[in-house]
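S.K.: Single-letter residue listing:
Protein chains: 2
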Amino acid sequence: MADPQPVVPSRIPRSGRKPGDRRVTVDRPEARFFRYGEQGTIVAKVAAIEPDSRAGRLGFGARRVLFGRVLSTHEEMEQRLPKWKALPIFSSDVMSSVAYASEASMFTLAAAGSVAYGLLMPISILIVALLILVTFSYRQTIRAYPNGGGSYIVARANLGVLPGLIAAASLLVDYVLTVAVSVSSGVYNLSAAVPILDEFKLEVPLIVICILLVMTVNLRGLKESGSLFAAPTYIFLGSMLLVIGIGVVRTALGNAPVAPPTTPFPAALEGMSLLLVMRAFADGCSAMTGTEAVANGVPAFKPPEWKNAQMTMVIMSALLGSMFLGMSWLVGVTGAVPSATGDSILSQIGAAVYDGRTPLYYILMFSTMGVLILAAQTSFADFPRLASILAKDGFFPRQFAFRGERLAFSSGIVALAIVSIVLVVAFGGDVNRLIPLYAIGVFTSFTLSQSGMVRHWWTERGPGWRRSAVINGVGAMVTAVVVVIFAIAKFALGAWIVLIIVPVMVVGMLLIGREYRSAQVELHVRPESVIGPPSRGQRVIVPMQDMRRDAIQAIKLGLTMSKSVVAVHVTDDLHAAEQFRARFEEQVRGVDLVIVESPYREFVRPLIRYLEFTAEKDPSVVTIVLIPERIIKHWWERFLYNQSAYRLRDALTGHPGIIVADVPFRRPR
Amino acid sequence: MADPQPVVPSRIPRSGRKPGDRRVTVDRPEARFFRYGEQGTIVAKVAAIEPDSRAGRLGFGARRVLFGRVLSTHEEMEQRLPKWKALPIFSSDVMSSVAYASEASMFTLAAAGSVAYGLLMPISILIVALLILVTFSYRQTIRAYPNGGGSYIVARANLGVLPGLIAAASLLVDYVLTVAVSVSSGVYNLSAAVPILDEFKLEVPLIVICILLVMTVNLRGLKESGSLFAAPTYIFLGSMLLVIGIGVVRTALGNAPVAPPTTPFPAALEGMSLLLVMRAFADGCSAMTGTEAVANGVPAFKPPEWKNAQMTMVIMSALLGSMFLGMSWLVGVTGAVPSATGDSILSQIGAAVYDGRTPLYYILMFSTMGVLILAAQTSFADFPRLASILAKDGFFPRQFAFRGERLAFSSGIVALAIVSIVLVVAFGGDVNRLIPLYAIGVFTSFTLSQSGMVRHWWTERGPGWRRSAVINGVGAMVTAVVVVIFAIAKFALGAWIVLIIVPVMVVGMLLIGREYRSAQVELHVRPESVIGPPSRGQRVIVPMQDMRRDAIQAIKLGLTMSKSVVAVHVTDDLHAAEQFRARFEEQVRGVDLVIVESPYREFVRPLIRYLEFTAEKDPSVVTIVLIPERIIKHWWERFLYNQSAYRLRDALTGHPGIIVADVPFRRPR
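If you read the sequences in order, they're chains A and B. Anchor point for the first sequence: position 282 equals 282 in my numbering, and the numbering is continuous, going up by one each time. Anchor point for the second sequence: position 88 equals 88 in my numbering, and the numbering is continuous, going up by one each time.
If you're looking for bench data, these hints aren't it; they were derived computationally from the structure. There could be a bad hint or two in this list.
Unchecked claim - Cross-link-like lysine-lysine pairs, in silico, DSBU-like; alpha carbons within 35 Å at most:
no.	chain 1	residue 1	chain 2	residue 2
1	B	Lys83	B	Lys223
2	A	Lys302	A	Lys392
3	A	Lys392	B	Lys633
4	B	Lys392	A	Lys633
Stated by the list, open to error - Here are some, though not all, of the chain B residues that point toward chain A, as calculated from beta-carbon distances under 10 Å:
no.	residue
5	Ile49
6	Val530
7	Met561
8	Glu578
Where is the CB? At the ideal position from N, CA and C, for every residue including glycine.
Hey, can you work out the whole structure from these sequences and the hints?
M.R.: This is the structure:
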């Protein structure tokens, strides 16, 4: 049926016209643009979405080069993630934390003197325990919500809209911070190795470029991100496991690696305190964002989705746990300490294990930088997805729910990139000040999510619900304690800002929700109403300031709608109006002309009064006002033509008994 | 016929409805809003232009308090100016120049030593001679162009569009400068007398307030400006004539007034030169703007307009000439010299004639300040009028041609105030730097106007045309020489800026003119074409994304236009589309539904392709696309709803065989 047809150079496709074919429902669409689908529908081909204009084509072509061909909705399944691609996408944030978490804890502990470094191992064990608990809690959540079980969904379903939005807002803030902080720290690590970057102050531009790169790759689709970002992540993973493995073996063989001597970082001594230990703990566990991202991203996995997601999460936690403990253990063995010369703990350990700066050492260091930059990937995987879920529920602008040309949630990806770039530029790349804000959101959402799950099990009471409820209950309590610890430890350092931003965002989302609901109410069609042929008589009125083609077009249209068409001419110059009337009567047949003199030279308002009056006069007849409007081509033409069409339309729309239609005119092309 | 009716509190007027009255042409409009006019028209009463909304009413009421009641076009004649009001309006600029012109010349001459002051009288005589020449030339122009004979009109009619626009642009620039410079110098004179103004840096705010005051008075109408500004102008006139009169009488009686001793202004000696004399001459004759204003403003006079305008101009010139010569003569008699202490020449003469700072002296000084501020009035009288003439000819945005609520050209008045305020604020009130730019425009336009008149007489060759042509010819030559003198004397001081601004304005006006002409061509209706009942069949297509009231309204409208109405639903979710189809078929009767699947998730472009194809398929049938559009209430809602209605409308308007109509929807009020 859809016979292939040569590409026609003319802008408008030639059609396979048949003489006498007057059926209106088109059942033979142009083969270049459409084909037949199932169930009696027609299906648009790619050609149907290609733009016409030269600029449009250029943009379309450029996007194809940058992002690849347009993907059909039906190809969604092929874009799903296998576990080996899902792991780097969702774990990049977690992995990267290994590179700095121990060091951050030690910097904090340094304040209590080097003896406090002995606390590193216990704190690490505590963090890994927390990780295991969170992992088990989320495994359950994924099982219970196989279509995506992020905190927002779980909290909303079980606790209500407000907790749901609080979880969502906390996470969104956190994702933005993750991008800004992780890419910045990666680039600053690099600039410590490549001094020319610092010399020419290229860090901020480079951060922006890195964010744009990650954005571009994500706009190509999650699957491609997985392919591209797998290599650096797995190299880092391998390097880390190798360092730990060699370290263990060397220690077992009695040749324990020893860190090269360094000047210890001179810390302001403040003595051991609970607050200090809490801060060290908080510093250490600030990167569990990946867990949440996997839970939200279940639908991105290949089927069986929930099983693959569970498995990915367990692998991720196991890797993180072993690397974290291994690192902390190696710190103790090698005697690495925070250095005043900027030599990082990881660098000291690497040099110790590999006996100096060997090629393997450099692989370790550069893959670490790569992973720090890629940590942003987890945010890019989950922020757009969370935004799309919020948009579908009407709490976020609708376009965040649409999948772009490559089936990615493009609006969310671009929004995340823009906001984090603005943040980086506003802080001039000095994002250390943002770190205290960071991670409090994730744990808030953990708590809300786990509490929601407890409620869920309590309501469902399926087999084994008690055990599940206990796991999630403990998870909720522990993460709640962590939130309190974070809040106490970091409030003064800036965490209070989150207490302002999150409520503002929640209120914003509630307002958006209200707006969408009110639009829905306004546009609601009762299911029992039946729309049939017109039952009331109608008259058409065309405001007409001059004998112009836009007005003539509106009059012609009016003549197809009613026998009673009236042109209304408002004027302050009766002499000119009479000349107009003479011309009108000669050129326009079957249309009455009413001249309204407006001696106060205001044209729109008397016209509105006249139309209101006409509509009121005979409510059994619908008054249709056809407003002629010439389309302007450039914004500056607004200053040359007064926008009375717009004012008329605005004043008359929604008036009982009046239907307004704007009839735009443009010279035929 | 228009029976008086009590004011109805409801927003929409109750009408005198008659049962069975189904005539569509309304011939019994609401008496509160309309009455019958002549020639079968209806006439809007003031009530018809009063706004509905609370904010609108408040604004309307505030404007009534500030500007007075709304004036009808028919009251225009009552707003005409008698000569005694026209004189202060048009002469304020000229009069004020007496207060500073002699002093400005003397400051320049001072550079050549005090002996050069002897040149003051010859220069003054030269200036007065120029004034007489210009007056005579313009008397002729007014006679020849009784509907307004400003430089633009005369140059355009006789020399062409470009010379006309050059004259217009030069004048517009000059008017803006006049307002900024004159009000500023008035206020700085005042602040010299009232030191508290300078102490608290109140000059710039005071300048802005004065400009806004003159603007407000002008928005009330020219006649009211005349009434209000007559008193200070006539007091100044009286004071000046009194000073000169007493001075003459005292000198005749042998008791010549002598200026109090002062420290002469220490001038940088540069020796006598032609350039110096030229500069002194230019300084002295920088205020003939009034002549042009009278010529443009002829239609503002009471009939016989041209006679009254001529008479006003002659009186003005006579007064200016005698005051100017009188002042220069008194300078010589009293020995007043530019002072280092800031005591102005006028102040020295006043003190000399009145024997010290008597009450009459203070009247002279304060009325001088008042007149300096009022000098802006001449610009406010002519700038808006010139702009309205340009707008009528299509070289200025159209709204400048409309008379406001008080029959004044409100847009021009407000524009002049805004631009001059911006200038004052940008220069921080230090407008001395603007003075060199000043007056070159007036003389350029004089030259163009006089040259145009020569051409006019040459073409007309009426009785006495030779004499007239000689007068205007001499006028043209002399003013051309003055322009050259100005340009040479002041080029380096900044007059070159005018050489940039004027061409830019001319190009801008030409572009505006082109835009208006192209719109006219686009909308031109051939006079021989006759519009009758519809000749082609038509189908209606309604894009419909959901079962919503806006789409239902469009479908209902479509059903009144054609038996063939098709709703088109573009979707990427066939499952949802089938649900939609089921609901549609149940609720909407007599309308076909076409489902277009767009697997690439772009909705607008496939719809456009489909509509293009439908229109192409059967050119004998007109395709009417009714686009439903919910009207948004706030600007920020743009971010919540995508503007596909707008994109559709833009893509389809002007397409052969397709008529687009936007059907806005708002919940009935």
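S.K.: State for each hint whether it applies.
M.R.: Right, here's what the structure says about each hint:
Simply put, Lys83 (chain B) and Lys223 (chain B) have alpha-carbon atoms about 11 Å apart, close enough for the 35 Å limit, and the pair holds. Distance hint between Lys302 (chain A) and Lys392 (chain A) is fulfilled; the C-alpha atoms sit about 23 Å from each other, no more than 35 Å. Of the pairs offered as hints, the one joining Lys392 (chain A) and Lys633 (chain B) holds, with about 22 Å between alpha carbons and a cut-off of 35 Å not exceeded. Of the supplied pair hints, the one linking Lys392 (chain B) and Lys633 (chain A) holds, its CA atoms being roughly 22 Å apart against a limit of 35 Å.
Because the beta carbon of Ile49 (chain B) sits about 4 Å from the nearest beta carbon in chain A, less than 10 Å, this interface hint is met. Annotation: interface hint on Val530 (chain B) holds; nearest CB of chain A at approximately 6 Å, less than 10 Å. Taken as an interface hint, Met561 (chain B) checks out: its beta carbon lies about 5 Å from the nearest beta carbon of chain A, inside 10 Å. Taken as an interface hint, Glu578 (chain B) checks out: its beta carbon lies about 6 Å from the nearest beta carbon of chain A, inside 10 Å.
Every hint from the earlier list agrees with this structure, and none is contradicted.
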